[in-house]
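**Q** From first to last, the protein sequence lines are chains A and B. Just so we're aligned: the first sequence equals residues 1 to 495 in my numbering. Just so we're aligned: the second sequence equals residues 496 to 642 in my numbering.
Hint data in this document are derived by calculation from the structure and do not stem from the laboratory. Keep in mind it's a predicted model, so treat the numbers as computed, not measured. Glycine residues also receive a C-beta, built at the ideal position from the N, C-alpha and C atoms. Treat the hints with care, as some may be off.
Example chain B residues on the side facing chain A (calculated, C-beta under 7 Å, incomplete) [what the hints assert, rightly or not]:
(1) TRP554
(2) LYS578
(3) ILE580
(4) THR583
Under the rule of at most 25 Å between Cα atoms (straight-line distance), these lysine-lysine pairs were calculated in the BS3-like manner [stated by the list, open to error]:
(5) B:LYS539 / A:LYS169
(6) A:LYS76 / B:LYS604
(7) B:LYS604 / A:LYS169
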Amino acid sequence: MNIMKKLFLVMIIVLSGLANQVQAMEFDDLGGIEMHGFISQGYLQSDENNFFADTEKGTTQFNEMGINFSSDVTEKLRLGVQFFARDMGTIGNNDVVLDWAIADYRWRDWMGVRAGNMKWVNGLYNESRDVDMLRTPIFLPQGVYNEAWRETSALIQGAGMYGEIPANKAGSFSYDLQYGSMNMPVTGGPAKLLKDQIPGGLKKYYHITDVELDSVNVDETFSDSVKWNTPLDGLVIGGTFWGYDFKAAANTYIDLNAIRSDAAAYQQLVPLRGVPASLLTPTQQAYQAALTQLDAAGLGAFYTDVNNNTTSGLGGTVTETYPTLFQVRARTLTGSMEYTWRNLIVAAEYMQTTYNVNIQNTIWKDYYRTPAGMLNVPEFDAVGYYGSLSYRFTYWFELGLYYSEYYRNKDDKDGETRYVNYGGLEPKHRAWSKDYCLTTRFDINENWVLKLEGHVMNGTAVIYGADNPDPIGGVAGSQYEEDWYLGAAKVTYSF
Amino acid sequence: MNFHKITGLVTAFIVGIFLLFPCTGGADDVVIITNKSVSADSLKEEDVKNIFIGKVTSWNDNQKINFATLPNGDEIHKAFLKKFIKRTPEQYSRYWKKQIFTGKSRIPKSFQTEKDMLEFVAGTKGAVGYASTSQITDDIKVLTIQF
Numbered sequence: 001m002n003i004m005k006k007l008f009l010v011m012i013i014v015l016s017g018l019a020n021q022v023q024a025m026e027f028d029d030l031g032g033i034e035m036h037g038f039i040s041q042g043y044l045q046s047d048e049n050n051f052f053a054d055t056e057k058g059t060t061q062f063n064e065m066g067i068n069f070s071s072d073v074t075e076k077l078r079l080g081v082q083f084f085a086r087d088m089g090t091i092g093n094n095d096v097v098l099d100w101a102i103a104d105y106r107w108r109d110w111m112g113v114r115a116g117n118m119k120w121v122n123g124l125y126n127e128s129r130d131v132d133m134l135r136t137p138i139f140l141p142q143g144v145y146n147e148a149w150r151e152t153s154a155l156i157q158g159a160g161m162y163g164e165i166p167a168n169k170a171g172s173f174s175y176d177l178q179y180g181s182m183n184m185p186v187t188g189g190p191a192k193l194l195k196d197q198i199p200g201g202l203k204k205y206y207h208i209t210d211v212e213l214d215s216v217n218v219d220e221t222f223s224d225s226v227k228w229n230t231p232l233d234g235l236v237i238g239g240t241f242w243g244y245d246f247k248a249a250a251n252t253y254i255d256l257n258a259i260r261s262d263a264a265a266y267q268q269l270v271p272l273r274g275v276p277a278s279l280l281t282p283t284q285q286a287y288q289a290a291l292t293q294l295d296a297a298g299l300g301a302f303y304t305d306v307n308n309n310t311t312s313g314l315g316g317t318v319t320e321t322y323p324t325l326f327q328v329r330a331r332t333l334t335g336s337m338e339y340t341w342r343n344l345i346v347a348a349e350y351m352q353t354t355y356n357v358n359i360q361n362t363i364w365k366d367y368y369r370t371p372a373g374m375l376n377v378p379e380f381d382a383v384g385y386y387g388s389l390s391y392r393f394t395y396w397f398e399l400g401l402y403y404s405e406y407y408r409n410k411d412d413k414d415g416e417t418r419y420v421n422y423g424g425l426e427p428k429h430r431a432w433s434k435d436y437c438l439t440t441r442f443d444i445n446e447n448w449v450l451k452l453e454g455h456v457m458n459g460t461a462v463i464y465g466a467d468n469p470d471p472i473g474g475v476a477g478s479q480y481e482e483d484w485y486l487g488a489a490k491v492t493y494s495f
Numbered sequence: 496m497n498f499h500k501i502t503g504l505v506t507a508f509i510v511g512i513f514l515l516f517p518c519t520g521g522a523d524d525v526v527i528i529t530n531k532s533v534s535a536d537s538l539k540e541e542d543v544k545n546i547f548i549g550k551v552t553s554w555n556d557n558q559k560i561n562f563a564t565l566p567n568g569d570e571i572h573k574a575f576l577k578k579f580i581k582r583t584p585e586q587y588s589r590y591w592k593k594q595i596f597t598g599k600s601r602i603p604k605s606f607q608t609e610k611d612m613l614e615f616v617a618g619t620k621g622a623v624g625y626a627s628t629s630q631i632t633d634d635i636k637v638l639t640i641q642f
C-alpha cells in the first residue's frame, strides 16, 4: 500500500471519529459543510473458478472506502465531492480516485441540472452499487449488475437534467437525463473483457499469447431514465436507455514461429487433397479430413500465403507485437420494477444490451481477406434478468434471496455457436450464468453492518478469462467448472 | 434446482415471514406542523411524502421548505413514517443514505427530541415537521392532511 492509499485510509478513520463527535453538534458549525464516509472489508471464497479475484484460495482483496463533502452554496445550488478507493483482485488496487463531483442547481422541483462527475443512472441500483450498506445483498444480481463493468458504468462525466413531475391520480414521474463521457481504466475490468472478445479460433490459429490494452478513447456516453411512481403506494416501474461508444488500442502478442510451423505442417497435407479415400491409409484419411477442415475455415489460403512469404505482416522471427484496435458500440434497455410493502421488498429487472464490435489488426487481414484486417463481429444481444425478495424481520436482521440469469448472446443461450466459433477452446457454459443467492444482513447499529451470503452458480459467463488463465493439464477450457459455489462476507462502517 | 423447487422455496419464505413476524400497529396521533410563515393550510398525503423524501423542496409561494425529522428509535418518528411515508425507519434511513452517498442530496436536519423539533419549526421560516397532538403549542401551525 503506497503513501497515498495509507493517507486516505487514515483520513477516513480519523474523520469517522470526528464525525461521531460532530453529529452531537450542528453541522452548520462546520460552515455548512457536511461530511460522510464509509469503509467496507470483505472476504470471498469459491470452491471452483476465480470470481474477479483469487477466490478459489479465498481472498480479502475485496474492499471499498469513500468520503464525501457537500455544501449548499445557495438555496438552489449545492456542491459536493466524493473520493473513493476499492480493491477486488487486480481491479482497483485501492488507488484513490475522484468519484462523484457535482454542481447541482435545482431550479424547480420538476427541473434541475447537474454537471461534473455524476453517478450513472441505470435501473434501480446502479447509482448506489459502490456503497455496500445501501442494499441487502453483498453482490447485486449479476444478470443486470455485472461486476465486470462496474468501474466503467459507475460515473458519467458531463451534464444532466433531472426532476419530479406530478401526475395527480396517476402518481408521479421522476426523470434523469445524462450525457458526457466516462472513465475506462486500461488496467480494469473492461480491459479483461476485451481480451475475451477476440474469437478463440483467431487466438488458436494466430497463436495469440496475450493482449494488453494501451489506451481507451470514449466518444460518448449517455443515460436516459424514467421512473413511474405509481398510484399503488410502494410500486415503482422504470425504464433506462443508455449506451456508450469507445475505441481501445491494444498490443497483441503473436507467436510467429508457431504460425509458420502450422503452415509448414499444412503444406505437408496439401498432396492429400482430392486423393480417393480408398487409396489412403486410415492415418492419411485422418490427415485428409484435417486438411478439408482447415480449407473450410479459410486457413488454407492463409497458410499458403505464409509458406510463400506473401503475408502482409509476418516479418518477425519469434514473438512479435502487433497493434489491435477495438471499436465498441453498446446500447442497453433496462426495465425495472420494485414493490415495497411494509418490511417486504420485491424487485425484478430485465436488461438487454446490443453490441457492435469491430476488431482491427493488419496482421490478420490475410486470414479474413478484408482490407486492413478488419474483423466485424456480428451484432449480438447480451441479456440478463433477475427476481429478488428481501424482508426485514427486526430492526437488526434482514434476509434476502434472488435468482439471476445472464447470457452473453440471447441467440446462443446454450453456447453451441460460441463453442464452435472459439475453436473448442472454451466450454459451452462460458455462454451463460445462473445464480441462486441467499443473503443475510445484520445492522449492528446505525454505523455498523455485517453481511453473509452464499451463491449456487451454474455457468461461467460472468467471470474473466484473465482471472482463470491456467488450463488443467494443458487441456483448453478445463480451468472452468460449470457448477460452483461462492461465499461472501462483508462488514461496513459508515458515518 | 428445478422451477418447482424455486417456487416452493419462495413460497415458504413469504409464508414464514408472515407466520413468524406479524406486523404490529403504531401510534396514529401524529400531525404535520409548520412554521406560521407557511401560507398553506392543508396538504395532500402525497405532498407530505414528497416533502419528506426531498422531491418537493419549495412551498407554492416559492418559499424554501425546511423539513426536520426525529431519530430512528423515536416512537413519534415511527408513527409518522407509517402514517404518511409508508416506510419503516430502516427503509427511510437507507433512502437518505442513498441520496447522500450518490451525491443527490444532503441529509435531513434531525433532532433528538420532539421539543427540539417544535422549537426549530416555530423559529424557522418555511419549516415543517411532525409532532404528537399532545405537544401542539400556539406558536406553530397544524396542517390539515387530505387522505
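**Q** Now look at each hint and say whether the structure bears it out.
**A** Status of each hint after checking the structure:
1. Taken as an interface hint, B:TRP554 does not check out: its beta carbon lies about 11 Å from the nearest beta carbon of chain A, beyond 7 Å.
2. Taking 7 Å as the C-beta contact cut-off toward chain A, the hint placing B:LYS578 at the interface is violated, the least distance being around 12 Å.
3. With a cut of 7 Å, the hint placing B:ILE580 at the interface with chain A is violated, because the nearest CB-to-CB distance is about 10 Å.
4. Among the interface hints, the one on B:THR583 holds; its C-beta lies about 6 Å from the nearest C-beta in chain A, closer than the 7 Å criterion.
5. Proximity of B:LYS539 to A:LYS169 is assessed by CA-CA distance (about 12 Å); at most 25 Å being required, the pair is judged to hold.
6. In summary, the hint linking A:LYS76 to B:LYS604 is supported, as the alpha carbons are separated by about 17 Å, within the 25 Å threshold.
7. Restraint check for B:LYS604 and A:LYS169: not satisfied, since their Cα atoms lie roughly 30 Å apart, outside the 25 Å limit.
Checked against the numbered hints listed earlier, the structure breaks hints 1, 2, 3, 7; every other hint is satisfied.
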